[in-house]
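4 protein chains.
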Amino acid sequence: MQNLNQSRPLSPALLEQQALADRFLAVRTQTQALAAPLSAEDAQIQSMPDVSPTKWHLAHSTWFFETFILKALDATYKIFDADFHFLFNSYYEAEGPRHPRPQRGLLSRPPLSQVLDYRHHVTDAVNARIEGWADREDWPDIAALIELGCHHEEQHQELLLTDIKHVLSCNPLAPGYASPFPKAMQDIPAATWQKIPEGLTEIGHRPPGFAFDNEGPRHKVWLHEAALSSRLVTTGEFLEFIEDGGYQNPMLWLSEGWDWVKSRNRTAPLYWSRQEDGWQIFTLYGRQPINWSEPLCHINLYEADAFATWAGARLPREEELEYATIASLTAQEDHRALHRAEEPPRLHPSPARQIGNTPFTQLSGAVWHWTASAYSAYPGFRTAAGAIGEYNGKFMCNQYVLRGGSCVTPKDHWRPSYRNFFPAHAQWQFSGFRLAKDI
Amino acid sequence: MQNLNQSRPLSPALLEQQALADRFLAVRTQTQALAAPLSAEDAQIQSMPDVSPTKWHLAHSTWFFETFILKALDATYKIFDADFHFLFNSYYEAEGPRHPRPQRGLLSRPPLSQVLDYRHHVTDAVNARIEGWADREDWPDIAALIELGCHHEEQHQELLLTDIKHVLSCNPLAPGYASPFPKAMQDIPAATWQKIPEGLTEIGHRPPGFAFDNEGPRHKVWLHEAALSSRLVTTGEFLEFIEDGGYQNPMLWLSEGWDWVKSRNRTAPLYWSRQEDGWQIFTLYGRQPINWSEPLCHINLYEADAFATWAGARLPREEELEYATIASLTAQEDHRALHRAEEPPRLHPSPARQIGNTPFTQLSGAVWHWTASAYSAYPGFRTAAGAIGEYNGKFMCNQYVLRGGSCVTPKDHWRPSYRNFFPAHAQWQFSGFRLAKDI
Amino acid sequence: MQNLNQSRPLSPALLEQQALADRFLAVRTQTQALAAPLSAEDAQIQSMPDVSPTKWHLAHSTWFFETFILKALDATYKIFDADFHFLFNSYYEAEGPRHPRPQRGLLSRPPLSQVLDYRHHVTDAVNARIEGWADREDWPDIAALIELGCHHEEQHQELLLTDIKHVLSCNPLAPGYASPFPKAMQDIPAATWQKIPEGLTEIGHRPPGFAFDNEGPRHKVWLHEAALSSRLVTTGEFLEFIEDGGYQNPMLWLSEGWDWVKSRNRTAPLYWSRQEDGWQIFTLYGRQPINWSEPLCHINLYEADAFATWAGARLPREEELEYATIASLTAQEDHRALHRAEEPPRLHPSPARQIGNTPFTQLSGAVWHWTASAYSAYPGFRTAAGAIGEYNGKFMCNQYVLRGGSCVTPKDHWRPSYRNFFPAHAQWQFSGFRLAKDI
Amino acid sequence: MQNLNQSRPLSPALLEQQALADRFLAVRTQTQALAAPLSAEDAQIQSMPDVSPTKWHLAHSTWFFETFILKALDATYKIFDADFHFLFNSYYEAEGPRHPRPQRGLLSRPPLSQVLDYRHHVTDAVNARIEGWADREDWPDIAALIELGCHHEEQHQELLLTDIKHVLSCNPLAPGYASPFPKAMQDIPAATWQKIPEGLTEIGHRPPGFAFDNEGPRHKVWLHEAALSSRLVTTGEFLEFIEDGGYQNPMLWLSEGWDWVKSRNRTAPLYWSRQEDGWQIFTLYGRQPINWSEPLCHINLYEADAFATWAGARLPREEELEYATIASLTAQEDHRALHRAEEPPRLHPSPARQIGNTPFTQLSGAVWHWTASAYSAYPGFRTAAGAIGEYNGKFMCNQYVLRGGSCVTPKDHWRPSYRNFFPAHAQWQFSGFRLAKDI
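Going down the list, the sequences are from chains A, B, C and D.
Position one of the first sequence corresponds to residue 1360 (the numbering used here), numbered consecutively onward.
Position one of the second sequence corresponds to residue 1360 (the numbering used here), numbered consecutively onward.
Position one of the third sequence corresponds to residue 1360 (the numbering used here), numbered consecutively onward.
Position one of the fourth sequence corresponds to residue 1360 (the numbering used here), numbered consecutively onward.
If we strip away everything but chain A, and leave its shape as in the complex, we get (with noise of 0.2 Å):
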């Protein structure tokens, strides 16, 4: 359910110690500020095995940098409790037996209080020793344990939200996280098609720099001719599918997808409820009328690529995704403005709005974008040994690839290669996307 991780040789500036220091304290207090909103109950409730508590959240993400750079670096470092170790390991096999996942809403001890203690032990220990790991030779594999610790730390954030929403919404009283619900615009600029023209090219990460393993090694792939459309699909739009019969028809759906909606008896996307004035939707900010012109999220692919079916188009490739994003990104040279363009963040999509020259809106910072590319491995792709690598490849079968990031994906965390995947029925992530075809 989450990126696998392993590092990647580091770019020069996070290899300097303080701006590493920086950048470690401020990713661990982000989290605390995610999980001040909530109570201890809002903290312990796991809503679906899928889900975990917020408070395992702040355990386990904490519990990596206490097992793979306290415990592995400093001998003389004092364990904060020796069954933390059981509890709040995730999946490695190799780090010993753990507490099964769809129990660790079962755990009512340690109360919320002790993991926040735990919290500041942690980080205050790696704090106090970053300075003396500076000078050690190897401080370069320690730098990039650092690094790789924040950006585990970093996909927690983004679960962290995506998991109490789902917590919350399982609450007929339906409350918010956040208040007040933001203001957001009804125009967004018409959809065009934007071509992708055919040739080889070059996709995946480019050293140095962060990266997950499963974003490279950067290999050729050959594009093939197509379009990919100028903005996400909206609710509006869908709303239109849903009126036409679309969950009612099985010819435009795949097997597997008809199978799902049959059996749930499924009629729209998850959190959206007919009121009695009308659809609403439930958001981190409780539950509000949709705005009709906000990108479609919370779908799984079997909805979108029912979507394309019914609109003549398809899902597109993730080449295409990160094809387009590298072209736009240099049309503009303003990563950050394509990544992430609101300010203040808000916790749920926005409409588009065109930014700089680029015609594409939205290629990150609202939804991730389902693909239709299964999840797999890059030609040359070669497992890491040790824990932290040892599941590099483990995920890879019947997941599918969501490349983009969302609006609660924390603002320097993602990059262009980003490979996030999850299965096809799922549809709790943060998850829309936009139509592509071939021409």
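A portion of the hints provided could be inaccurate.
Which copy? The list can't say, so a pair holds if one copy fits it or any two copies do.
[Claimed, not checked] Lysine to any residue pairs mimicking SDA-like chemistry, simulated, CA-CA at most 25 Å apart:
1) Lys1579 / Leu1559
2) Lys1770 / Gln1376
3) Lys1579 / Gln1639
4) Lys1621 / Tyr1606
5) Lys1621 / Met1407
Please keep in mind that the hints were generated in silico from the structure rather than gathered at the bench.
Mind docking chains B, C and D on chain A? Use the hints.
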């Protein structure tokens, strides 16, 4: 899972307003006292569908008084929160839709603190009105409702302890609810066979005094000559069964029981675990070495029946236990001493000791006795009208009667005609058994 | 799912060798006659785990004679095929491992033709030995075993018809097992309430004569004053329940029953279907219009109990039905007329008609009567030793007693003390009910 | 579960009427020949939802010709039985409702004999019309439909054998479909690594000639430098994996694969069993000792991937296998020799032997090759209109491509561009693999 609710004519004592007000406050206070050692996180968790969170028990027992007494009797009463009616109804179809039972653990809101406010609001509101109500013509009915609410809440006191035991047992840290673990004797009386004579007798509640409706009508029943063990089966006796291959021998088990053993790979009772230094048992005091003299607890009907078959005996019928209990009471005229010989109360069953002249020990006060009697209506039983009574017979299918009362049954809650009932597979109650045989 | 097997002292008549040989041959021939209308494909199918293929019934009833009589009594007997011992054991743990019940339909080999050869082989082998055995000292035991085998096979005759009905019902072509559908009356006697007086009585099998062991020991039981309907509930009466919203009203149902209704979306009894031209019922004669005067059949205990609640009545207890049956028999001294008034046999329940002076109709011969009595051991019941008796009590949990016998129960198989039993949810048996009430 | 159906322009040869008529009759006859050794009971059984009864294969392949050719082209055609349209549709939503797939084994009617009549009726009807149709203007379309029907039926010929193998394997008697078990060599060539060069190539079907639509459009793909094993993995090599604890080591498995191993307690491939005298394998010739030189078969993608990880290699991508196949064909210009070197056909994979100069053995004709390629649309793929084409893309989710063809693939059915596909967990197909690695 819990006894049906229906009142019977009250005894004169309880019709006295002050006595009833005192009892009401004592019951309400006791529930909060039971929850006091638990954190907000502890009180949140539902570890399986049969278990309810502590917070839910606190709220539901309050909802009962608000719905059936305050709302029903006083149009001026201002309800605490309209949403709670949906959230905290248990299974009263006449009271409209309700939150699904398996999702009680998903309600982080209202928080525990607000549920405690709700409790105080309702307790105060009832208390403020009792004096006035005592002047009304329908006071006997009102008093009966309040007494019913008290008994209902006492049931939830036992369930609160039973459920939190299961919740805490799911944590690998095996935390205790209380401490220290009370010392217990190792010497217990030898088991002897006590005769039940053939003949016509009567069982069932004899008014006045409170009883649930399933305890009546009092009616004739023909006893067959039999013998009943003078004490409960112990953990030590059950260990012999285990060591004799009891869990591996299909000839000892009911057909359903054998399916249960195989599909769950059971080899010992719930809460038993084999540690490096011997058998341990999870208790409300955390994990403890097993005292082989203590009554066996937390087995289901399948396990009880298999042991009885192995021992060449059978489970008693409910009329045999009621007869023995009444006979013992007559002999010593000391119901309370029989019921709860232990002071202070222990939250774990004590080994047997002889009290007075009765030939039996622990017909109450240690563990519930599984019986061979399917839970069914007594001759002449009728369901009362309205919401409180709607479900009188609703659970009379595929459940079995348990008699006696356990160490966690509130002291004033039990009586010899009391019929508890659970499905044959249920293990998480404080349930054991004693042997019977035909002679 | 089927009655336990254990013999009792036989009546003098059956101890006569020629009479027993005749009975044996008649039973064996009748089973083959029941299978004769079926193709090899029909005889192969297991339409749900509870159902056994016709071929399996043919083989298993033969395995019983081979295992418990031929192999046990005659060391020179050559078994037909050693593999069959594994394939055609039903649930006798003492006889070793066996083919899993839900996979009986997967055995295309041996083919039907070979199973018929097996039948002839075993029938001939028993028949050839009976004369010799009659000279042996243990002849009474042998005769009892043969009689037990005959009764066992008669049970399977009924199951064969019950099961093939379910098999054929799964085919959209709705093929019939027999034809033509016999004409039936539309006029039936009005239902009246017949009193059951209070007092001590005895129930259970009174030797000599064959009975299964669960019918004894004969024992005293106290009857409570009550009334029993003079006839079975009809399809027409159940239609009123349906049209009154019976399947939509939770207040009428046992809690388990309501869960069953909702999870299965039930709105009518098994085998009923609403066609364009009205309600139809699937029968062993194919799909037919429902005769509203015929006894209701193929409902489960939940449906029977819900109807009784709706009608302000209850289900009878098994002792009430046994008492009424014996009383009726005494009045008219005509057991057979009561049992099976129809000639030739119908494979679908007939509407009631009055026979003789008894106030009751169809206490047997139409449909099995669901009772309020959980299936449990009679006082003094003991399991016999050895394989045949091993499971005497094994099914005495979470099943309910059915009394009377149905239109597909073999004529000589039933007696007033007969206790059939099935789980509360079972519908595929020929099961209906009559109302009782307390007075 | 089966390839999509869509025709492509035919080769000139097949447009000749007599050649097509001959091919049609040969295919129809061959299907009946495959069913000939089976009894009516054998042909009835569906041993799991993925399996279809032999009778159903016989009927469905006939329904295809009746529905898409006879009914579509000739208004005067009298359908054999109107009910069959519902019973024998597989998954064509445009053709209306159909009998549920998991209940195909419940149809004892029509009997096998009537299904054979149905076959003859439809075969004769097509045959009688071919000559007339050849004069029509739309003959090329008609010919393409007939050729499509032939290929569809050839798919079902393979499935018939694959499915009956599973059916017979469920019988403890382990009966064979054929005999005697053909002798096989023990000596096989050593495995060597054969280089795949980097560069642009084309894959996909090149018209004319028949292909399913998922084999096109032919398109460019960039090959990465790699190496491919010269032969398939053998049973003996897999035994080493087993004996090295392969099924016990989570580090070797995909995450989904490890869940599958644990939940199913797998310790060996499907059809392997450890007998007292060593490992045996269930084959279409019954249970046989394993020949350690034969290609591994009946493993799923999880097992293939775990072995590859254990061996320090990976599974090939489909373009690598297609490239190698074409390269080999060019080298020796002997497609048929490559495809099916064995005469007479064996129903169990043969050990490898070298044929001609190609460096590879058994790129076809032994077992299907699992690949690392998720089954997805080729660039430019479009779903054809109408019922035949409706599901072209419908299965392109969570399935993996298998290349080559197996010993039970009909001789004329396979071509190098052929894309078979099954879910990663499927074992019952004749599926194995060969290793690849990056260099």
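We went through each hint and held it up to the structure:
1. Lys1579 / Leu1559: both (7 Å within a copy, 10 Å between copies)
2. Lys1770 / Gln1376: within (21 Å within a copy, 66 Å between copies)
3. Lys1579 / Gln1639: Close neither inside one copy (45 Å) nor across copies (46 Å); limit 25 Å.
4. Lys1621 / Tyr1606: The answer is both: 9 Å in one copy and 23 Å across copies each meet 25 Å.
5. Lys1621 / Met1407: Both, since 21 Å and 21 Å are each at most 25 Å.
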